[in-house]
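Build out the structure end to end from the sequences listed, making use of the hints.
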Amino acid sequence: MSRTLSDVMVLERSAYLSTVQARHDEGYIYLADLTCVDYLNNPTRDLVDGVSLERFELVVNLRAFAPPAIVRLRVQVPEQDPLMPSIFGFYPGAEAMEREVFDLFGIRFEDHPDLTRILLPEDWEGHPLRKDYGVGRVPVQFKEVKRNR
Amino acid sequence: MTNAIYTVIRPEGDNRFGLVQETSEGLQELGDRSTTSAAALAKEIGSTLRIPEGEAELEGDSDDGRMIINMGPQHPSTHGVLRIMLEIEGETVLRSKPVVGYLHTGMEKTAENLTYLQGTTNVTRMDYLSPLNNELVFCLAAESLLGIELPERATWIRMLMSELNRIASHVMWLATNGMDLGSTSMMIFGFRDREMVLSFFEKTSGLRMNNNYIRVGGVAADLPDGWEDDVTAVIDTIEARTHDYDELITGQPIFRERVVGVGTLSPQEAVALSASGPILRASGVPWDLRKEMPYLFYDQIDFDVIVGSVGDTYDRYAVRLFEIRESISIVRQIIDRMPRGPYRALDPKVTPPPRARIDESMEALIHHFKLFTEGIRIPPGESYVAIESPRGELGCYMVSDGSARPFRMHIRGPSFVNLQSLPVMLHGGLLADAVAVISSVDPVMGEVDR
Chain S
1 MSRTLSDVMV
11 LERSAYLSTV
21 QARHDEGYIY
31 LADLTCVDYL
41 NNPTRDLVDG
51 VSLERFELVV
61 NLRAFAPPAI
71 VRLRVQVPEQ
81 DPLMPSIFGF
91 YPGAEAMERE
101 VFDLFGIRFE
111 DHPDLTRILL
121 PEDWEGHPLR
131 KDYGVGRVPV
141 QFKEVKRNR
Chain Z
1 MTNAIYTVIR
11 PEGDNRFGLV
21 QETSEGLQEL
31 GDRSTTSAAA
41 LAKEIGSTLR
51 IPEGEAELEG
61 DSDDGRMIIN
71 MGPQHPSTHG
81 VLRIMLEIEG
91 ETVLRSKPVV
101 GYLHTGMEKT
111 AENLTYLQGT
121 TNVTRMDYLS
131 PLNNELVFCL
141 AAESLLGIEL
151 PERATWIRML
161 MSELNRIASH
171 VMWLATNGMD
181 LGSTSMMIFG
191 FRDREMVLSF
201 FEKTSGLRMN
211 NNYIRVGGVA
221 ADLPDGWEDD
231 VTAVIDTIEA
241 RTHDYDELIT
251 GQPIFRERVV
261 GVGTLSPQEA
271 VALSASGPIL
281 RASGVPWDLR
291 KEMPYLFYDQ
301 IDFDVIVGSV
311 GDTYDRYAVR
321 LFEIRESISI
331 VRQIIDRMPR
341 GPYRALDPKV
351 TPPPRARIDE
361 SMEALIHHFK
371 LFTEGIRIPP
381 GESYVAIESP
391 RGELGCYMVS
401 DGSARPFRMH
411 IRGPSFVNLQ
421 SLPVMLHGGL
431 LADAVAVISS
441 VDPVMGEVDR
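Chains as they are written, first to last, in the working numbering: chain S, 1 to 149; chain Z, 1 to 450.
Calculated from the structure, these hints are not laboratory results.
Partial list, computed: chain S residues near chain Z (C-beta under 7 Å): (1) Asn61; (2) Pro68; (3) Glu95.
List time: in silico EDC-like cross-link candidates among lysine to aspartate or glutamate, alpha-carbon distance up to 16 Å: (4) Lys203(Z) / Asp230(Z); (5) Lys131(S) / Asp401(Z); (6) Lys291(Z) / Glu326(Z); (7) Lys291(Z) / Asp304(Z); (8) Lys291(Z) / Asp302(Z); (9) Lys349(Z) / Glu374(Z); (10) Lys131(S) / Glu112(Z); (11) Lys203(Z) / Glu228(Z); (12) Lys109(Z) / Asp132(S).
For each residue, glycine too, the CB sits at the ideal point set by N, CA and C.
In structure tokens form, the structure reads like this:
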């Protein structure tokens, strides 16, 4: 199925906030989705010229209601300094989504009102959706206990 | 917007949607929420509690009568394990904060280690009240990268199943809402009626809930013989019973006292907070992905978008009740128009061959073996596909690196995003109304804590 209404923009981090603001003013008033991808050791994605490859990519889907349209921003986030401006000022709905990205990828958002872990306990170590965070196993308790009958 | 829009009709004399607060000078109305500008809302300091989750006990009882109490995570009305920190003064809720994550299942991480065939089973565990919608969005995302053509019948079957699932999910919501508001009969009726839909799913896919019926490249099996009669019997019964529900709850004074004017959310707030589904529509925004950005064959179907006028708990109830009737009408049209033909894509790289072919053809055996050991290979790329699940915009962002497993699969859970509007709805209301408001958001915790 082709999604003819979709539109993808690949951005540097420095252009992120101004692009979001421009789209917001154009009528993309609804934040559909905000997530992140960890492209550790994977340079296979298509980028435009002038945008350098970084480890993380923040993916923001913005939606306009009339006429219906969706635009996707893909922003490169470097590994050494994973700090992004928060878009909470434009889209209050970004609050939980940015917290989720912070929780699972370790990307910090400047000016977020309450940047704490959302899905994991506050004292959890590491960011599980990073590619270098292995799939953990919880040891099964009581597995060795012999049955009485 | 050009589409026909029905507004939920409210009985005469129902204009109690401003917030009213008891003060030392008598009742004071706080004014309509729609006067709040979007910029003021963007800060929204007033409704969301911004203190760390561990500190709820420390605040304790203070001198000015304010205190922080925790509702849940094991409260019967939180629809799973949801904890809400509420700052209350007397019985008025000032600020609140939903605390999620008690169920965190790591579906997105798990999906990176499963093939696309196993992936559909994985995603049904998220929103366990509408598993077929989850499968659908996962498959649509994979297919948009794969670029294959589906037979018409497969798409119509998918529509039939996802609409039936919407009916089952909304009936289930009516049941749990009835339970939260003390209507035991509604709870029992809802569960009873949902079971009819589930038994049709069981007949079709073999399982009641975690169906794994919609798969990449089509559906797992054709509909059973005589499915038209089964489905007609189910929707006729449920349609008759929606009138019973109407009689049982809509006009009932106790129900109306508890929901009318409670938990109001203005259209500006709903859009700013990224709310979707019945919550957004109840606030008066006529946005339905089936209508505005059609997927499957929804552009060939005639149906209406239900919108509310006030955005209170009553509107969210009414929108869902009317959506059941719209879905029934959609199902009727699907029954009339269901074409014959194959129900899976005929591409051997995607669809396993029929069992009989394996005995005859070496090629078929090889394809079968490759598909079930290694899985489908999907070309590199990324796509975001969104569908209208019973709870709102269910999106799937999928990245493939060309292997047989998704490089990254992200689900935009409508419950997760909708929960953000809970503090705004609860703000200024009574503690006793919190149960009704939480129920009207219809959160499924499996989807919140993916």
